[in-house]
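Number of protein chains: 2
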Amino acid sequence: MARHQHRVRVESLGERMTLGAAELKHLQVLRLRPGDTVQVFDGQGAAGEAELTQLDAFGAALTLRGRSEISREYPQPVTLATALLKGDKLADVVRAGTELGAATFQLLNTRYADVPQIGDNKLARLRRVAEEAAKQSQRTVVPQVLAPLPLAQFRPEGQVFYAHPGSPAQLLQAVTWQAPLTLVSGPEGGFSPKDLAQLEKLGAQAVTLGPRILRAETAPLALLGALASSGM
Amino acid sequence: MARHQHRVRVESLGERMTLGAAELKHLQVLRLRPGDTVQVFDGQGAAGEAELTQLDAFGAALTLRGRSEISREYPQPVTLATALLKGDKLADVVRAGTELGAATFQLLNTRYADVPQIGDNKLARLRRVAEEAAKQSQRTVVPQVLAPLPLAQFRPEGQVFYAHPGSPAQLLQAVTWQAPLTLVSGPEGGFSPKDLAQLEKLGAQAVTLGPRILRAETAPLALLGALASSGM
Numbered sequence: 023m024a025r026h027q028h029r030v031r032v033e034s035l036g037e038r039m040t041l042g043a044a045e046l047k048h049l050q051v052l053r054l055r056p057g058d059t060v061q062v063f064d065g066q067g068a069a070g071e072a073e074l075t076q077l078d079a080f081g082a083a084l085t086l087r088g089r090s091e092i093s094r095e096y097p098q099p100v101t102l103a104t105a106l107l108k109g110d111k112l113a114d115v116v117r118a119g120t121e122l123g124a125a126t127f128q129l130l131n132t133r134y135a136d137v138p139q140i141g142d143n144k145l146a147r148l149r150r151v152a153e154e155a156a157k158q159s160q161r162t163v164v165p166q167v168l169a170p171l172p173l174a175q176f177r178p179e180g181q182v183f184y185a186h187p188g189s190p191a192q193l194l195q196a197v198t199w200q201a202p203l204t205l206v207s208g209p210e211g212g213f214s215p216k217d218l219a220q221l222e223k224l225g226a227q228a229v230t231l232g233p234r235i236l237r238a239e240t241a242p243l244a245l246l247g248a249l250a251s252s253g254m
Numbered sequence: 023m024a025r026h027q028h029r030v031r032v033e034s035l036g037e038r039m040t041l042g043a044a045e046l047k048h049l050q051v052l053r054l055r056p057g058d059t060v061q062v063f064d065g066q067g068a069a070g071e072a073e074l075t076q077l078d079a080f081g082a083a084l085t086l087r088g089r090s091e092i093s094r095e096y097p098q099p100v101t102l103a104t105a106l107l108k109g110d111k112l113a114d115v116v117r118a119g120t121e122l123g124a125a126t127f128q129l130l131n132t133r134y135a136d137v138p139q140i141g142d143n144k145l146a147r148l149r150r151v152a153e154e155a156a157k158q159s160q161r162t163v164v165p166q167v168l169a170p171l172p173l174a175q176f177r178p179e180g181q182v183f184y185a186h187p188g189s190p191a192q193l194l195q196a197v198t199w200q201a202p203l204t205l206v207s208g209p210e211g212g213f214s215p216k217d218l219a220q221l222e223k224l225g226a227q228a229v230t231l232g233p234r235i236l237r238a239e240t241a242p243l244a245l246l247g248a249l250a251s252s253g254m
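Just so you know, the sequences run in chain order A and B.
Position in the first sequence (first residue = 1) + 22 = my numbering.
Position in the second sequence (first residue = 1) + 22 = my numbering.
Just chain A, same shape as in the assembly (with noise of 0.2 Å):
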C-alpha cells in the first residue's frame, strides 16, 4: 500500500558494506547510481539507510548513513507451523504470512496432509518467497522456513494456538505477548484425532475463526490478520 523503496539486504549493518551478484545485478536493473540512497537490512532485525558509493563491473559498495529504530516485528516471536499443502498454496501462506509479521514458518507432517513430503527445490523457493515478501512489506526481519517435522516432533516453546470449528475462545483475548507464540494450521483434510491428541499433549489452544469453514491457506491468514488488527 506504499510506493515502492529500493530495498537491499546485506550480511551485516556496517560503516562500508558491498553487495552480493544477485543484490549487484538488482541495482544495476534499477538503473541505481553512485549517489543514490537505498534502505538496508540484514534480515535479523537491523535495518538503515545507506548511499551507493560504488557500483561498476567490479561490485557495488554501500556506506551507511544512518541506522533506523522503527520495529515492525511483533513483541515476541510468531511461528506460523503449518501443514504441507498443494501446488502454489504453501508460497501464497508463506508469502502473506511474512507481510502479515510471521518470523518463522515451520512446515509440519500430518495425519491428512495433502503431499506427504516438499522438495528441496520447492523449500529453497519458499525461502525466496519469504525474504522477497519481507523486503516489500519494509521488514527487517527474514523469516526462517524450516523443512517439515511430523507434528509429535514439533515441541513449541510458550503459547501455542490453533483454529478449531466451534470453539469459543477469541485469539486476541487469549495473546498474552508475554511468551513466544506458535499458531498452528492444518492441512486441507483437517487434523485427525491422533494430530488433535498431540496438539492437546503440547497445551495447544483451540480458537475460533467464525462458523464458515475456510481454506487450509485462509485459516492461517486470518490468525495472522488477527493480530495484526491488533496493532502489535
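Keep in mind the hints are simulated off the structure, nothing from the lab.
Note that this is a predicted model, so its numbers are computed, not measured.
Be a bit skeptical, because a hint or two may be false.
[To be verified] These stretches of chain B come out as covered by chain A in the derived footprint (C-beta under 8 Å, 3 or more residues):
{"no.": "1", "stretch": "85 to 95"}
{"no.": "2", "stretch": "116 to 127"}
{"no.": "3", "stretch": "153 to 166"}
{"no.": "4", "stretch": "184 to 193"}
{"no.": "5", "stretch": "225 to 239"}
C-beta: ideal position from N, C-alpha, C; glycine also.
Start from chain A and add chain B according to the hints.
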C-alpha cells in the same frame, strides 16, 4: 478444513425443487443417484437437506427433507469495498473474502487504481468465484459482487472502516455490530489524498493493521480475518 459435502444451489427452498442445467450436470459428474442426500441452499440464507428423487436425461428433482437452522453469517451484513486490482488478485480477494463472511463486494474506482476498469467477463467470473467459495465454506448466502463505482459515488450505510498505517484504533474494539459494516480497501498504490478526504466525508474510521506494509490483496483479508477471529 472439512470433508467435502455435496451442496446444490436451488432457486428457492420448497417441498419439491427442480434443477438447472449446470447443477444437473454437476450431480451427474458426482455420480449421485436417486435416493442420495444432498445439502441445498438458495443463496439468500435458507438451507436444508434434500433427497434426490429424480435424476435422468429429462432433469433432476429434489425433495426437501429438513431445513437447517445454522447461521454462518455475521450479525450484520459485511461489505468489502475494494479497489480494482491487477490479474487474479480480485478473484483471490473475493474467494477468501467469501470464506471469511463478506456479504457484498463493492468494486471501487480509486485514484491510484492498478486497472481503470473491469470487463463484463471478468465481473461474471468474480460472481462465479463468490458462488463457488460460498458453497465450499458452507455459507447459505452467496455474496453479491457489484460493478465498480467511483469512490466519490459510494454511499455505505452503518460503520465504515479502512486500514491506515499508523492509526492507533483497533477494528475489533470499534465494531459495534449494531449496524451494517463496510471495510474499504485501497489499490496497490494506496489511497490518494482525495480518496482519503472522501473516506473522511463518509465518516470512515481508520484502523491499524500493524506497522508492516501489506499488499492490496492482503489487507482486506486481514481485516476480515480479525472479524472472523471474534467468533462472529
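**Message:** Going through the numbered hints above, which ones does this structure break? Give me the numbers in ascending order.
**Reply:** Violated: none.
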